[in-house]
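Enquirer: Sequence:
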Amino acid sequence: MSNTIHINRNQLESPLEEIFIQQFEKFVNDRFEIIPQYEIRNSAGLFRLDFLLRSNDYLVAIELDGKEFHDEWRDEWRDALMLGNKQIDCIYRFRGKDITTYIHECLYSIFMNDRQLFDSRYAQVSKSLIDTEIFDHSEFHHLADYLIYSIPTTDEYGEATGRHHDIRIVRRHKNDSSQYWNKLYEFSKKYTGKNIDELIDIRKGDQRFGKGLSDII
5 MSNTIHINRN QLESPLEEIF IQQFEKFVND RFEIIPQYEI RNSAGLFRLD
55 FLLRSNDYLV AIELDGKEFH DEWRDEWRDA LMLGNKQIDC IYRFRGKDIT
105 TYIHECLYSI FMNDRQLFDS RYAQVSKSLI DTEIFDHSEF HHLADYLIYS
155 IPTTDEYGEA TGRHHDIRIV RRHKNDSSQY WNKLYEFSKK YTGKNIDELI
205 DIRKGDQRFG KGLSDII
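Throughout the sequence shown, residue numbering follows the working numbering, covering 5 to 221 in sequence.
Everything labelled a hint here was simulated from the structure, so no lab data went into it.
Take these hints with a grain of salt, some might be off.
[What the hints assert, rightly or not] No farther apart than 16 Å at their CA atoms in a straight line, the calculated lysine to aspartate or glutamate pairs in the EDC-like style are these:
(1) Lys178 to Asp93
(2) Lys30 to Asp123
(3) Lys178 to Asp61
(4) Lys90 to Asp61
(5) Lys101 to Asp170
(6) Lys194 to Asp210
(7) Lys178 to Glu190
(8) Lys194 to Asp205
(9) Lys193 to Asp210
(10) Lys187 to Asp79
(11) Lys90 to Asp180
(12) Lys90 to Glu43
(13) Lys101 to Glu67
(14) Lys101 to Asp69
(15) Lys187 to Asp210
(16) Lys101 to Glu21
(17) Lys101 to Glu22
(18) Lys90 to Glu190
(19) Lys178 to Asp118
Bear in mind the structure is a predicted one, so any value in this text is a computation, not a measurement.
Required output: the full structure, derived from the provided sequences and hints.
Expert: Structure, rendered in structure tokens:
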């Protein structure tokens, strides 16, 4: 029996979380427990994840970033500290507008990168929910920590518009030493006990340090 039936909907704090969990819980691998509003504390403060997916050997954070509530620069620092302190193995961040309009494409993008999060049915069921071949043949970009999938759009009658929507996903992983969060974490270790605001202020004053993800996107 799936652990997801025990999710307390009263813990959800936004319509984005409702949209995500309503679809994801149908296909999640039973090995994973889903915990909404999971709290993590480290030297820079107390952080709360929208969702934690937890099995015995893998911890995945899902963050749904409504534009009005998130600052990409702060989020990057926050992620760096959680990954660097080995409190999380992998973090996904989705834009609110992608979750609202393209929830099934968002889920499939997770599947393409972390298939173990899904049950054995999903590979087949997903073909009835979206055109999975779009992901196999569409233009794909990997820029810094971003995965960008270009999805053809249709009008209200289901006809192709000739335009595309870019689903933009942040995926940060503890084992990816090339991702910029590693540099932020190493920087933070020089200022143990500083919170994120203090680290950002110090970082701004250090012109010797390289640019962050939010500087180049």
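Enquirer: Now tell me if each hint is right for this structure.
Expert: Each hint tested on the structure:
no.	hint	verdict
1	Lys178 to Asp93	5 Å, holds
2	Lys30 to Asp123	9 Å, holds
3	Lys178 to Asp61	13 Å, holds
4	Lys90 to Asp61	12 Å, holds
5	Lys101 to Asp170	11 Å, holds
6	Lys194 to Asp210	13 Å, holds
7	Lys178 to Glu190	13 Å, holds
8	Lys194 to Asp205	14 Å, holds
9	Lys193 to Asp210	15 Å, holds
10	Lys187 to Asp79	15 Å, holds
11	Lys90 to Asp180	13 Å, holds
12	Lys90 to Glu43	14 Å, holds
13	Lys101 to Glu67	13 Å, holds
14	Lys101 to Asp69	9 Å, holds
15	Lys187 to Asp210	13 Å, holds
16	Lys101 to Glu21	12 Å, holds
17	Lys101 to Glu22	14 Å, holds
18	Lys90 to Glu190	13 Å, holds
19	Lys178 to Asp118	14 Å, holds
Taken one by one, the earlier hints all hold for this structure without exception.
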